[in-house]
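First to last, the sequence lines map onto chains A and B. Here numbering that gives the first Met the number 0 is used: the first residue of the first sequence is 0, the next is one more, and so on. Here numbering that gives the first Met the number 0 is used: the first residue of the second sequence is 0, the next is one more, and so on.
Hints are computed from structural coordinates only; laboratory data are not their basis. Check each hint, because a few of them may be wrong.
Repeated chains share a single entry, so a pair holds when one copy, or any two copies, can fit it.
[Said to hold, decoys possible] Calculated lysine to aspartate or glutamate pairs in the DMTMM-like style (CA-CA distance at most 20 Å, straight line): (1) K193 / D83; (2) K150 / E178; (3) K226 / D155; (4) K183 / E148; (5) K71 / E147; (6) K183 / E46; (7) K167 / E205.
Letter by letter, the chains look like this.
2 protein chains.
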Amino acid sequence: MRTFVSVDCVIFGFDGSRLNVLLVQRQSEQYPNSGLKLPGSLIYQEEDADIAAHRVLYELTGIRKMALKQFKSFTSPRRTANPDDLKWLEYAYGNKIDRLITISYLSLCKINRRLNVISKYKTVEWCPVNRLPDMPFDHNQIVAESMEEIKQWLNDDQMVVFELLPSKFTATALRNLYEAIRQKQCDARNFHKKMINMFCVIPLDEKQANVPHRAGRLYKFDKNLYKKRMSI
Amino acid sequence: MRTFVSVDCVIFGFDGSRLNVLLVQRQSEQYPNSGLKLPGSLIYQEEDADIAAHRVLYELTGIRKMALKQFKSFTSPRRTANPDDLKWLEYAYGNKIDRLITISYLSLCKINRRLNVISKYKTVEWCPVNRLPDMPFDHNQIVAESMEEIKQWLNDDQMVVFELLPSKFTATALRNLYEAIRQKQCDARNFHKKMINMFCVIPLDEKQANVPHRAGRLYKFDKNLYKKRMSI
C-alpha cells in the first residue's frame, strides 16, 4: 500500500460582512475535477507537517510566519474514493497513490493583509463559507469541522474574533463576525449593549471613511483590559 | 519512500495520589529497545485513525467504547532516527519502513475500572507521569505534549478532573489530581475553601473504608449544579 501524507490549510478571513475561506484552483485543466480546493501539499521527505503547512501558506501569501494551528488528521480510506481526485493527484505528484491521509491546519487571517501569491496556483480566492463549491476529497467536510472548531475557540476565549478584524472596526462588523462563527443571528440591540462589557471594546472618536452608506462609528479592542479581566 | 501511519494512545489514570499513563511492553525480547512504550498500532488498510485507536484500546482494556480524543499528529522525519526502533518496527510489521507518522489520541480513564487485557502485549502497566522510562520513538515527547493539552482542558473546563476520579473521593485526592495536572502545588487550606464553590463538590456523610491512615471524608461532584452554573 502506497500511503502518502499531506497537509491542507483552512485559512479564514472576514471581509466585514461574511466569513471566508481561502481556496485555490488546481493548475491542471485536463482533469475533470479541476475546480477550487483547499491549499495543500504532500509533505516532503525532509519536512515535518508544520514546516509543510508553513511552506504552503508562504507560497500563497508571501508571509513566512503566519499563526497556524494543527487541527485534525483526516484519515478515512474513502478520501480518495473519487477516481477523478485520484487521477489528478497522481498526475500532479507523479506517483501511484493508494491512500492519502491529510493533516489539516487552521489560520485566522486579517483579510486586508495583502497576499503576494508566488505559487503554482492559477487562481487564489476568498470564498464565503456558506457558499462553498463542491471540492475534491473531503475538503468540504474539513471546512465544516474547522468551523465547529473555531466556534469552540470562541466559546473558550472571546479574543479569537479580534484576530479576524482590522484594528479599527464597526459594531456591525463585530456582530456579523460573531454571528458568522456562531452560525446564528443575535439581536442587534442586545449585542451592542453587551459588546462594550463582554468584549472590552472601546468606542473611538472616528468614523468609517469612503463607504457608500452612512459612516459607522469605529471601535477598537482593548487587549490589556481584556487580559486583566480574564486573569481575575 | 515507504511512509506508514500509526496511532498511539495516551491513557491517563489517577490512583488517588499520582497521575499515571498506561504503558505496554513490546512482545519481542530479541531487540535491544524492547522496553515500555505507548500502546499503538499501524492503521490497517480498511480503517480510519479513530477506528484504529479504538481497536488498540479494546485490545488493552476489553472496553469497546472508551472516550477518546484525537490530539495531534507527530510527523518529524527524525522519529525513526534510532535504528533499534526501526528494526523492531520492521520486525513487528514485516515491512520495510522509511517513515512513520503517528496520530496521537488522549483518554481520561477511571483507574479502578478493571482492565481485561486481550492483547498481544507482555505487560500492561500504569506508570506515574513524572517517572516515565525512556521510551522508543518520540513517545516521551508525546506524553509531555499530552500533559500540556489536558492542562489546557482543565483551564477551559474544570469538569475534566471528574473524569479521572471515582464517583466518591477525598478532598486530598481532588487536590492531588489538580496539582498533578497543573504541575504545581497549591495551598491545602485555600484549595479546600475554594473546592466547594469552584468545583460544585458536595460533602457526603461517609468516610473512606479500609485505609491504613485516618479515614478521610468522602465528597461527590454535582454535575447538574455545575452545568447550571456554567450556563449562566
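Evaluation of the provided hints:
1. K193 / D83: neither (50 Å within a copy, 60 Å between copies)
2. K150 / E178: within (10 Å within a copy, 30 Å between copies)
3. K226 / D155: Close inside one copy (14 Å) and across copies (15 Å); limit 20 Å.
4. K183 / E148: within (16 Å within a copy, 29 Å between copies)
5. K71 / E147: Intra 12 Å, inter 17 Å, cutoff 20 Å: intra and inter.
6. K183 / E46: neither (40 Å within a copy, 35 Å between copies)
7. K167 / E205: The answer is within: 9 Å in one copy meets 20 Å, while 58 Å across copies does not.
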